[in-house]
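Chains as they are written, first to last, in the numbering used here: chain A, 1 to 91; chain B, 1 to 480.
It cannot be assumed that every hint is accurate.
Below, a list of computed lysine-lysine pairs in the BS3-like style, where the Cα atoms sit at most 30 angstroms apart [stated by the list, open to error]: (1) B:Lys21 - B:Lys80; (2) B:Lys414 - A:Lys16; (3) B:Lys389 - A:Lys63; (4) A:Lys54 - B:Lys389; (5) A:Lys73 - B:Lys80.
Every beta carbon over 12 angstroms from chain B, so not counted as near; a handful from chain A, in silico [what the hints assert, rightly or not]: (6) Val62; (7) Asn74; (8) Thr80.
Some chain A residues flagged as far from chain B (calculated, every beta-carbon gap over 10 angstroms) [what the hints assert, rightly or not]: (9) Lys16; (10) Asp20; (11) His49; (12) Asp60; (13) Asp79.
Quick caveat, the hints were computed from the structure, so don't treat them as lab data. The C-beta atom is built at its ideal place from N, Cα and C for all residues, glycine as well.
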Amino acid sequence: MDVKYTAELAKIRLNKEQVDKLGSELNDILSFFKNLKEVDTKGVEPLSHVLALKNVFRDDIVKPSLKKADVLKNAPQKDTHYIKVPRVIKG
Amino acid sequence: MKLYELSAARLISLLEAGEIKASEIQESVQKRIDEVEDRVHAYATLDRNTETGSSKSAGGESVLDLKGIPVAVKDNICTKGVPTTCSSRILEGFIPPYDAAVINRLKKANAFLLGKTNMDEFAFGSSCETSCYGPTHNPWDLSRIPGGSSGGSAAAVASGEAILALGSDTGGSIRQPAAMCGVVGLKPTYGRVSRYGLIAFASSLDQIGTITKTVEDSALLMNVIAGGDENDSTCSNEDVPDFTKSLEGGIKDLIIGVPDEYFVEGLDKEVEEAVNEAIKLLSGLGAKVERISLPHTKYAVSTYYLIAPAEASSNLARFDGVQYGLRRDAEGITDMYKVTRSSGFGEEAIRRIILGTYSLSSGYYEDYYLKAQKVRAVIAGEFKEAFKKVDCLITPTSPTTAFKIGERIEDPLKMYLSDVFTIPANLAGLPAMSVPCGFCGNNLPVGMQILAKPFGEKTIFKTAYAYQENSQWHKRKPSL
Numbered sequence: 001m002d003v004k005y006t007a008e009l010a011k012i013r014l015n016k017e018q019v020d021k022l023g024s025e026l027n028d029i030l031s032f033f034k035n036l037k038e039v040d041t042k043g044v045e046p047l048s049h050v051l052a053l054k055n056v057f058r059d060d061i062v063k064p065s066l067k068k069a070d071v072l073k074n075a076p077q078k079d080t081h082y083i084k085v086p087r088v089i090k091g
Numbered sequence: 001m002k003l004y005e006l007s008a009a010r011l012i013s014l015l016e017a018g019e020i021k022a023s024e025i026q027e028s029v030q031k032r033i034d035e036v037e038d039r040v041h042a043y044a045t046l047d048r049n050t051e052t053g054s055s056k057s058a059g060g061e062s063v064l065d066l067k068g069i070p071v072a073v074k075d076n077i078c079t080k081g082v083p084t085t086c087s088s089r090i091l092e093g094f095i096p097p098y099d100a101a102v103i104n105r106l107k108k109a110n111a112f113l114l115g116k117t118n119m120d121e122f123a124f125g126s127s128c129e130t131s132c133y134g135p136t137h138n139p140w141d142l143s144r145i146p147g148g149s150s151g152g153s154a155a156a157v158a159s160g161e162a163i164l165a166l167g168s169d170t171g172g173s174i175r176q177p178a179a180m181c182g183v184v185g186l187k188p189t190y191g192r193v194s195r196y197g198l199i200a201f202a203s204s205l206d207q208i209g210t211i212t213k214t215v216e217d218s219a220l221l222m223n224v225i226a227g228g229d230e231n232d233s234t235c236s237n238e239d240v241p242d243f244t245k246s247l248e249g250g251i252k253d254l255i256i257g258v259p260d261e262y263f264v265e266g267l268d269k270e271v272e273e274a275v276n277e278a279i280k281l282l283s284g285l286g287a288k289v290e291r292i293s294l295p296h297t298k299y300a301v302s303t304y305y306l307i308a309p310a311e312a313s314s315n316l317a318r319f320d321g322v323q324y325g326l327r328r329d330a331e332g333i334t335d336m337y338k339v340t341r342s343s344g345f346g347e348e349a350i351r352r353i354i355l356g357t358y359s360l361s362s363g364y365y366e367d368y369y370l371k372a373q374k375v376r377a378v379i380a381g382e383f384k385e386a387f388k389k390v391d392c393l394i395t396p397t398s399p400t401t402a403f404k405i406g407e408r409i410e411d412p413l414k415m416y417l418s419d420v421f422t423i424p425a426n427l428a429g430l431p432a433m434s435v436p437c438g439f440c441g442n443n444l445p446v447g448m449q450i451l452a453k454p455f456g457e458k459t460i461f462k463t464a465y466a467y468q469e470n471s472q473w474h475k476r477k478p479s480l
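Using the sequences and the accompanying hints, generate a full structural model.
In structure tokens, the structure reads:
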């Protein structure tokens with residue numbers, strides 16, 4: 001596994017030491033997973049969810065939601081009505 | 001009388017008889033926390049603010065009345081106004097603006113909320129050692145782990161630092177710590193309890209459940225938390241029986257299946273003996289015992305550790321330093337994400353995010369994630385067939401008793417294999433309970449696991465209650 005590349009996909013930055021350690025651990029784990037190849041799954045539908053759920057519909061009625069101030073309370077950086085993030089577009 | 005040692009059912013009957021007041025129970029438990037918390041470290045946050053703690057809100061007329069019984073809640077369940085961190089640095093300072101569905105229900109039933117219990121970071125672990133707050137200690141032997149990930153909840157109930165507790169179970173996180181701390185842990189059927197406000201780990205496997213001193217207390221707490229919820233579309237509208245009514249009645253003619261694949265190499269001899277003795281006891285009470293085979297059990301760990309991290313890597317994408325929790329400053333937004341996530345997540349969280357990202361990534365998806373989903377279908381099908389022949393299954397909960405702090409943390413694969421007997425129930429969505437069934441020579445508790453078909457909690461309650469009525473293990477207390 002290319003640990004560094006996969007970590008970048010998940011927006012995680014690793015140092016060299018971490019890449020080496022995780023690399024060997026994850027390779028051990030992945031080789032353990034190879035036992036799944038023994039299972040004959042020809043014609044088996046993948047199971048993503050255990051309940052036979054159908055779509056759940058409800059009437060489209062407007063209900064009160066959380067107050068803006070309550071939602072913004074947890075934002076690490078904010079302006080009166082907005083969450084602030086570092087510049088996204090180069091200006 | 002040490003009130004903190006009593007069960008909720010016993011306390012409620014004392015309250016109803018007017019022999020004690022709720023405030024006396026609360027004081028007894030708070031005093032017990034002051035006495036032992038330094039050594040046990042069951043809590044991530046203690047809520048000493050009686051305004052949020054006593055929560056005298058809506059309730060009153062509810063038939064489901066916990067009458068001020070103190071309850072501890074795992075730190076991945078959102079509590080309005082009380083920090084909720086999943087024992088992770090990345091949620092540092094997060095104070096939910098709303099209550100999880102189960103917290104709403106507890107408040108309506110007049111529960112007294114004590115605080116948030118320690119856990120493995122984001123429930124990634126089987127020992128509580130991946131918590132950013134440091135490990136919880138097993139009340140039976142402080143040098144050992146309490147199990148995980150709901151180790152704080154199990155240790156709190158075992159040590160008298162709570163009367164009842166909520167945990168969550170994705171691959172055994174309620175049952176395994178319950179077994180290792182000598183208490184009762186129930187993972188209900190997937191969809192039995194609303195997950196609204198439970199910070200998601202693996203959405204198709206996660207389920208909130210109970211950690212209690214007795215089977216009866218589990219039924220009491222389930223009556224409060226179970227049932228449909230419009231805020232969780234995966235929560236079932238299946239009728240919720242009064243679980244306390246399914247306790248009595250005995251187990252004559254109940255058919256218990258004992259799967260051979262759970263009594264294999266790696267299972268501690270003393271654990272095996274304790275579970276076999278328990279099965280013998282149940283057989284003596286009139287149950288019929290049949291050996292059965294679930295040949296795909298050995299593939300459950302691989303299946304789970306592909307599916308769960310895949311779902312986790314998606315669920316944890318939301319922790320990016322923008323809306324809540326930790327943010328580390330950086331020049332551009334992508335760098336901010338990376339610096340924040342790399343410093344906010346602990347080692348096991350990073351390991352699972354990378355593993356999950358890999359199994360979902362292009363070129364590997366079919367060989368890993370999709371294959372695991374197909375094997376999951378085979379495992380679920382195997383259980384379905386088994387429950388045509390038997391009413392419930394009995395197995396050990398964990399292959400060993402509590403291990404030493406530090407013993408497995410450097411070997412992730414070995415840690416993953418600790419969950420070998422609990423994972424299958426999550427893959428198939430089954431209800432499963434761990435019940436104390438003995439002690440090993442070193443005075444560490446052993447748990448047996450009882451599994452039933454989906455929405456078959458009544459069978460579990462009936463079986464587990466019959467066992468507790470005829471055994472004494474759950475009455476032993478750790479000396480702290």
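Quick rundown of the hints versus the structure:
1. Only pairs whose Cα atoms come within 30 angstroms are accepted, and B:Lys21 paired with B:Lys80 is accepted, the gap being roughly 27 angstroms.
2. The suggested pairing of B:Lys414 with A:Lys16 holds, with an alpha-carbon distance near 24 angstroms, which does not exceed 30 angstroms.
3. Of the pairs offered as hints, the one joining B:Lys389 and A:Lys63 is violated, with about 48 angstroms between alpha carbons and a cut-off of 30 angstroms exceeded.
4. For the proposed pair A:Lys54 and B:Lys389, the alpha carbon gap of about 28 angstroms is at most 30 angstroms, so the pair holds.
5. Between A:Lys73 and B:Lys80 the CA atoms are separated by roughly 12 angstroms; this keeps the pair inside 30 angstroms, and the hint holds.
6. The beta carbon of A:Val62 is kept farther than 12 angstroms from every beta carbon of chain B, the shortest such distance being approximately 15 angstroms.
7. Distance check on A:Asn74: its Cβ comes as close as 4 angstroms (rounded) to a Cβ of chain B, failing to clear the 12 angstroms threshold; non-interface status is violated.
8. No beta-carbon of chain B is positioned within 12 angstroms of the beta-carbon of A:Thr80; the least distance is around 16 angstroms.
9. No Cβ of chain B comes within 10 angstroms of the Cβ of A:Lys16; the nearest lies about 14 angstroms off, and the non-interface call holds.
10. Consistency note on A:Asp20: stated as away from chain B, and its beta-carbon is indeed over 10 angstroms from all of that chain's, at 13 angstroms minimum.
11. Consistency note on A:His49: stated as away from chain B, yet its beta-carbon is not over 10 angstroms from all of that chain's, at 5 angstroms minimum.
12. Even its closest Cβ contact with chain B, about 13 angstroms, leaves A:Asp60 beyond 10 angstroms, as expected for a residue assigned away from the interface.
13. Under the 10 angstroms C-beta cut-off, the non-interface status given to A:Asp79 relative to chain B holds; the minimum distance is some 14 angstroms.
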